[in-house]
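Asker: Sequence:
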Amino acid sequence: MHHSIFVSDAEVASAITMHEAIEAMRAAFLDLGRGASSVQDRVRIHGSGISLSMMGGIYGAAQVAGAKVYPTLDGQFDFVIPLFSTTTGKLLRVVQGNQLTRLRTAAVTRVVADAVLPAGPPRRLAIFGSGVQARAHAEAFCDRERISQVAVCAIDGADAFAADIERLYGVPARATDAAQAVRDADIVITATRATAPLVDVALLKPGAFVAAIGSSKPQAREVDDHVLARASMVIVESASQALREAGELVMAARPEALAAKLVELGPLLADTAGARARQGQGGGDIVLYKSVGVGLEDVALAQLIHTRLPVRATGEA
Numbered sequence: 672m673h674h675s676i677f678v679s680d681a682e683v684a685s686a687i688t689m690h691e692a693i694e695a696m697r698a699a700f701l702d703l704g705r706g707a708s709s710v711q712d713r714v715r716i717h718g719s720g721i722s723l724s725m726m727g728g729i730y731g732a733a734q735v736a737g738a739k740v741y742p743t744l745d746g747q748f749d750f751v752i753p754l755f756s757t758t759t760g761k762l763l764r765v766v767q768g769n770q771l772t773r774l775r776t777a778a779v780t781r782v783v784a785d786a787v788l789p790a791g792p793p794r795r796l797a798i799f800g801s802g803v804q805a806r807a808h809a810e811a812f813c814d815r816e817r818i819s820q821v822a823v824c825a826i827d828g829a830d831a832f833a834a835d836i837e838r839l840y841g842v843p844a845r846a847t848d849a850a851q852a853v854r855d856a857d858i859v860i861t862a863t864r865a866t867a868p869l870v871d872v873a874l875l876k877p878g879a880f881v882a883a884i885g886s887s888k889p890q891a892r893e894v895d896d897h898v899l900a901r902a903s904m905v906i907v908e909s910a911s912q913a914l915r916e917a918g919e920l921v922m923a924a925r926p927e928a929l930a931a932k933l934v935e936l937g938p939l940l941a942d943t944a945g946a947r948a949r950q951g952q953g954g955g956d957i958v959l960y961k962s963v964g965v966g967l968e969d970v971a972l973a974q975l976i977h978t979r980l981p982v983r984a985t986g987e988a
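Sequential numbering from 672 applies to the sequence shown in the numbering used here.
Where hints are given, some of them may not hold.
As the list claims (entries may be wrong) - So the derived label-pair ranges between C-beta atoms look like this:
id	residue 1	residue 2	range
1	T688	R983	15 to 25 Å
2	A707	L874	36 to 46 Å
3	I716	G791	42 to 52 Å
4	T757	E927	36 to 46 Å
5	D835	P793	18 to 28 Å
6	K888	A707	23 to 33 Å
7	G760	A930	36 to 46 Å
In case anyone wonders, no lab produced these hints; they're calculated from the structure.
Note that the Cβ used here is the ideal one computed from N, Cα and C, for glycine as well.
With the sequences and hints as input, model every part of the structure.
Answerer: The structure is reproduced here in structure tokens:
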């Protein structure tokens, strides 16, 4: 079956799986870490009650470049990614990006977790939130070899989300309060719209992996300075973009101490031993990942979708 140059969200959802998205994100960040790919940090403009954002990337190994462009109106987004060939300079595809954004964000978190958590028995997962990204992260993490149980902490919908996790992935899950969720968890994922910290650092287990996903706004943070202080590494996709956008980092009380712990994902994957050697040097006993989303992720996933859905030749009926 051949498809038009425009790929809809419905086509994206049917074209690739979460597992494939995880592998695509791992490959793209490895290429970035080797210096073969580039990221254009997000640019936002504002006017008439709307903001317009753009974030781009050149994916060297795949010979594509592109950008994700989207308006924000009343807290709602609508994403689109034009994808270009770096060999011809021509437009290859235009991909609607709502499903793509859901997949790539959670997929990158799984790549980070795989890079920093040693192999071992299944771990206990806590998820804060019950929305699109909370559910995407459950999909990215919940295989029984990896996760033994899930605690869900959410303002609403926690019981239904926990029931869905058990039904979809066969992993025991239950709704619980924040303290219990954090106390038991090896992996903590915050995917909420909270603007104030959610996680009591005193309850985190030594060796825990914490992923803060919910906000890319400088005035909001899901984890606070106490979590930063306990982190041996603070992993980000792009240091320049994260330091400008992530409230957790923008509001850090000790920016110089934070800078010493900051590790970009690309170099971490390209030189795992060298980057891992930094783990513990920051004096902490947990690892924090702060997600803001970078354009290379969108370009890499758009490229995978482009290869999966052949374009109808010009003049073809």
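Asker: Against each hint, give a clear statement of whether it holds in the structure.
Answerer: Hints, verified against the model:
Evaluation of the 15 to 25 Å hint for T688 and R983 yields a pass: the beta carbon distance comes to about 24 Å. A hinted range of 36 to 46 Å for the beta carbons of A707 and L874 is consistent with their spacing of about 41 Å. Taking the beta carbon of each, I716 and G791 are about 47 Å apart, inside 42 to 52 Å as hinted. Our hint of 36 to 46 Å for T757 and E927 holds, since their Cβ atoms are close to 38 Å apart.
Between D835 and P793 the Cβ separation comes to about 19 Å, which falls inside the hinted range of 18 to 28 Å. In this structure, K888 and A707 meet the distance hint of 23 to 33 Å, their C-beta atoms being roughly 31 Å apart. Between G760 and A930 the beta carbons are some 38 Å apart, a value that agrees with the proposed interval 36 to 46 Å.
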